[in-house]
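**Student:** Residue-level listing of the chains:
2 protein chains.
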Amino acid sequence: MDVYSNLKKKGISVGDLIEVSGLKGILMPRTDFSHEDVVVIKLSNGYNVGIKVEDLEKIKLVEKLENATGERREVEEEFDKNKPIVSLIACGGTIASKVEYRTGAVYPSYSPQEILNFVPEVREIANIRVKKVFEIFSEDIQPEHWIKLAEEVVKEIESGVDGVVITHGTDTMHYTSAALSFMLRNLPVPVVLVGAQRSSDRPSSDARLNLLSAVLFAAKGEIAEVVVCMHGSMSDEYCLIHRGTRVRKLHTSRRDAFQSVNSKPLAKVDCFEKKIEYLVEEYRRRDKNRKVELDKKINPRVGVFYYHPGASVEHLKEMKKHYDGLVIAATGLGHVGVNPYKDVFSKNFLPAIKDLIDSGIPVVFAPQTIFGRLDMDVYLTGRLLQKVGVIGNGCDWTIETALVKLMFVLGHTKNMEEIKRMMQENLVGEFGERSES
Amino acid sequence: MDVYSNLKKKGISVGDLIEVSGLKGILMPRTDFSHEDVVVIKLSNGYNVGIKVEDLEKIKLVEKLENATGERREVEEEFDKNKPIVSLIACGGTIASKVEYRTGAVYPSYSPQEILNFVPEVREIANIRVKKVFEIFSEDIQPEHWIKLAEEVVKEIESGVDGVVITHGTDTMHYTSAALSFMLRNLPVPVVLVGAQRSSDRPSSDARLNLLSAVLFAAKGEIAEVVVCMHGSMSDEYCLIHRGTRVRKLHTSRRDAFQSVNSKPLAKVDCFEKKIEYLVEEYRRRDKNRKVELDKKINPRVGVFYYHPGASVEHLKEMKKHYDGLVIAATGLGHVGVNPYKDVFSKNFLPAIKDLIDSGIPVVFAPQTIFGRLDMDVYLTGRLLQKVGVIGNGCDWTIETALVKLMFVLGHTKNMEEIKRMMQENLVGEFGERSES
Numbered sequence: 001m002d003v004y005s006n007l008k009k010k011g012i013s014v015g016d017l018i019e020v021s022g023l024k025g026i027l028m029p030r031t032d033f034s035h036e037d038v039v040v041i042k043l044s045n046g047y048n049v050g051i052k053v054e055d056l057e058k059i060k061l062v063e064k065l066e067n068a069t070g071e072r073r074e075v076e077e078e079f080d081k082n083k084p085i086v087s088l089i090a091c092g093g094t095i096a097s098k099v100e101y102r103t104g105a106v107y108p109s110y111s112p113q114e115i116l117n118f119v120p121e122v123r124e125i126a127n128i129r130v131k132k133v134f135e136i137f138s139e140d141i142q143p144e145h146w147i148k149l150a151e152e153v154v155k156e157i158e159s160g161v162d163g164v165v166i167t168h169g170t171d172t173m174h175y176t177s178a179a180l181s182f183m184l185r186n187l188p189v190p191v192v193l194v195g196a197q198r199s200s201d202r203p204s205s206d207a208r209l210n211l212l213s214a215v216l217f218a219a220k221g222e223i224a225e226v227v228v229c230m231h232g233s234m235s236d237e238y239c240l241i242h243r244g245t246r247v248r249k250l251h252t253s254r255r256d257a258f259q260s261v262n263s264k265p266l267a268k269v270d271c272f273e274k275k276i277e278y279l280v281e282e283y284r285r286r287d288k289n290r291k292v293e294l295d296k297k298i299n300p301r302v303g304v305f306y307y308h309p310g311a312s313v314e315h316l317k318e319m320k321k322h323y324d325g326l327v328i329a330a331t332g333l334g335h336v337g338v339n340p341y342k343d344v345f346s347k348n349f350l351p352a353i354k355d356l357i358d359s360g361i362p363v364v365f366a367p368q369t370i371f372g373r374l375d376m377d378v379y380l381t382g383r384l385l386q387k388v389g390v391i392g393n394g395c396d397w398t399i400e401t402a403l404v405k406l407m408f409v410l411g412h413t414k415n416m417e418e419i420k421r422m423m424q425e426n427l428v429g430e431f432g433e434r435s436e437s
Numbered sequence: 001m002d003v004y005s006n007l008k009k010k011g012i013s014v015g016d017l018i019e020v021s022g023l024k025g026i027l028m029p030r031t032d033f034s035h036e037d038v039v040v041i042k043l044s045n046g047y048n049v050g051i052k053v054e055d056l057e058k059i060k061l062v063e064k065l066e067n068a069t070g071e072r073r074e075v076e077e078e079f080d081k082n083k084p085i086v087s088l089i090a091c092g093g094t095i096a097s098k099v100e101y102r103t104g105a106v107y108p109s110y111s112p113q114e115i116l117n118f119v120p121e122v123r124e125i126a127n128i129r130v131k132k133v134f135e136i137f138s139e140d141i142q143p144e145h146w147i148k149l150a151e152e153v154v155k156e157i158e159s160g161v162d163g164v165v166i167t168h169g170t171d172t173m174h175y176t177s178a179a180l181s182f183m184l185r186n187l188p189v190p191v192v193l194v195g196a197q198r199s200s201d202r203p204s205s206d207a208r209l210n211l212l213s214a215v216l217f218a219a220k221g222e223i224a225e226v227v228v229c230m231h232g233s234m235s236d237e238y239c240l241i242h243r244g245t246r247v248r249k250l251h252t253s254r255r256d257a258f259q260s261v262n263s264k265p266l267a268k269v270d271c272f273e274k275k276i277e278y279l280v281e282e283y284r285r286r287d288k289n290r291k292v293e294l295d296k297k298i299n300p301r302v303g304v305f306y307y308h309p310g311a312s313v314e315h316l317k318e319m320k321k322h323y324d325g326l327v328i329a330a331t332g333l334g335h336v337g338v339n340p341y342k343d344v345f346s347k348n349f350l351p352a353i354k355d356l357i358d359s360g361i362p363v364v365f366a367p368q369t370i371f372g373r374l375d376m377d378v379y380l381t382g383r384l385l386q387k388v389g390v391i392g393n394g395c396d397w398t399i400e401t402a403l404v405k406l407m408f409v410l411g412h413t414k415n416m417e418e419i420k421r422m423m424q425e426n427l428v429g430e431f432g433e434r435s436e437s
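Just so you know, the protein sequences line up as chains H and B, in that order. Just so we're aligned, residue 1 is where the first sequence starts under my numbering, counting upward by one. Just so we're aligned, residue 1 is where the second sequence starts under my numbering, counting upward by one.
These are calculated hints, taken from the structure and not from any lab test. Take these hints with a grain of salt, some might be off.
Identical copies carry no separate label here, and so any pair may be met within one copy or between two of them.
Below, simulated EDC-like cross-link-like pairs (lysine to aspartate or glutamate); rule was C-alpha separation at most 20 Å, straight line [as the list claims (entries may be wrong)]:
hint: 1; residue 1: K291; residue 2: E158
hint: 2; residue 1: K131; residue 2: D343
hint: 3; residue 1: K296; residue 2: D375
hint: 4; residue 1: K342; residue 2: E144
For clarity, every value in this text was computed on a predicted model and none was experimentally measured.
With the hints as extra help, turn the sequences into a complete structure.
**Tutor:** Okay, structure coming up:
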């Protein structure tokens, strides 16, 4: 039985207050995955429930609501020439997700317009132009998506907007923010990635604060860089703005999962007071006369080898079949086993690394510890690794940023000396010149 | 010219205060790597320098010191029956390292006796028995070393000591502490791993505080588990005791690099006041009547696949050539790309993971975020992954602990159901029953 069609015939439509099997709630839109015989209602406590309907007569219209959540809540789009213009580009993720009522799992299926409907206050800050680019979870984002996304951002910026907000899943948001940082150069306005740790249709969602803060920063923020805007604490107080190459998801579920690594956040956004506080002095200032440049040359064939006791030398060697460049998540200051003492149990990864580099596969180190800076001058191990051409000494980049940068650099050259030069050059603030923590 | 032999002939030996080319300092022992024409002296500021000697006449004896640093400073070993007995097992690492004067790099070459000579105060706490097991950096430690080390610890415990201290490099100390936690069961006394972020012969070394605290905890601490004892802050104030399965090196260079992940440290040690403060209530109490059990069955053939945009499905598939089990460092709550929407750019890792599991290779997830707990019920992706048999839902273990546990479990069974059962059972506190952070 197609409940929604039948309800329509009875004059009941999405947004109406109804009663089903004794439960009162607002009729929510059907999801792509709902069974035909399930209706979804939002209870007064904010929770959505899916109810299997066996008898249509059990559904009663309580009230036709004008301002209920649902399709009818579409906000009128009135252009206010006194307000800045912000483009909202949607890529899916939790912020665009709702509970999938067949299984109870969450699925990314809100349009940008629907996302806005959850947070109508954003229109008080700026005129919003919406555009959907993908509708996927961020674990499914691939380097090819970064290119598509970068192209869309450029189009929006060239149309003259005051800032761009990208809604994105949080799982790989820091990979995307690093990629866009390398690909979008000479930015005139802020490009702000934002997500949510809990889906927008849940009462506990962090989507609202994050989205409001992101739009505020895109509209009014002074930092014309690719940044991430997410909760700064565990409660709904303020958001932090992190540099795209220096941020990392550091918790599976907390609202303040995103943190700047080996650097300070750039700014603090209080969207209630509409206040932006800058926490650093060095950043690229907003300048609408600047012309954005798109550099989308990228080679996605880069892999990660996570070094550990028991790691196989043969495994490392074989990775060259799958990748054109490798990042090794190394221990401590930048080490892997090199067994200088010829210990009977230890392994020597040096010859394999040398072979990779000699055959044209750059090997870049990043710290497995996440925090801190590589220093491959202190110990014998680091010195031996440098001697065979390992890149990364002195860098405090994350595994993720090193990976994305290597993809970018390999999109530009295959020459090992040139790769080394570009990797060691601080292109967009991807490593700190000295440690701050 | 062999300077040291020539100096001996002149009546100058290690430990004497000498003057070389205008620099005054205590003559230090020759290192294995010193050139014959170099003398090493410790300056009054604590730094060691190596000086190339072209003319023996330029070296002058200033004073024969009785208590200088060097060979003569060997502490008399007097057994005090009123003090506890602690075994000190040395495995190399920075705490046992000195600067290698030929290159300036650091090399692990102190004996346990020499380490003790740097911190003679440990003898005020306990009678110390020393034993050297390896003399290597911890990036060279392999699972086979864990077995050897576990056997040595058991021997020491069975001889009746009150606690065991293991000096170990910091790079992989958390892998070793996890491994010993699984292998050493029913411990009667504390087993304390300790290291240093800066070598013992540097004035800024953290070795002294760490070693004193570790010996104090081994001698007097109430927690009969495998623990890590390292700096609790950036200054020389106190150490923290971390559970062996819950600790991780989280900074390349800071003294307080080791932190308990998703759990609280177990105790705080103030070695100046000789005070131990317990920070949790649940731990195994010291009981010398208990008999330690050694379970050294372990299969080191486990690898890590670090998932990321651009990761290759073929790479994952081929890992079964090198490993009998895999840990996937997954994004967010426990995800990899599964592309349920058949997006043109996205990849689907599900079939490869299913094939691995079906062919007897267990696939265990751990959070790439490091902090937080996996929850593979929330999103469609997690549900699909669980359906093909991925292990790890609900766990808040680190990548490292998941890896070591899988090695341990694979040492005991090849049966997939049994592997799953053991992995999901909390054997030695390797995951928290509920999240604390």
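**Student:** State for each hint whether it applies.
**Tutor:** Cross-check of the supplied hints:
Taking the closest pair of Cα atoms, K291 and E158 come within 20 Å of each other only inside a single copy of the chain (8 Å); across copies the shortest separation is 74 Å, beyond that limit. Proximity of K131 to D343 under the C-alpha cut-off of 20 Å is restricted to the inter-copy arrangement: shortest distance 18 Å between copies versus 60 Å within a copy. Proximity of K296 to D375 under the C-alpha cut-off of 20 Å is found in neither arrangement, the shortest distances being 31 Å within a copy and 35 Å between copies. In this assembly of identical chains, K342 and E144 lie within 20 Å of each other by CA distance solely across copies; the values are 15 Å between and 45 Å within a copy.
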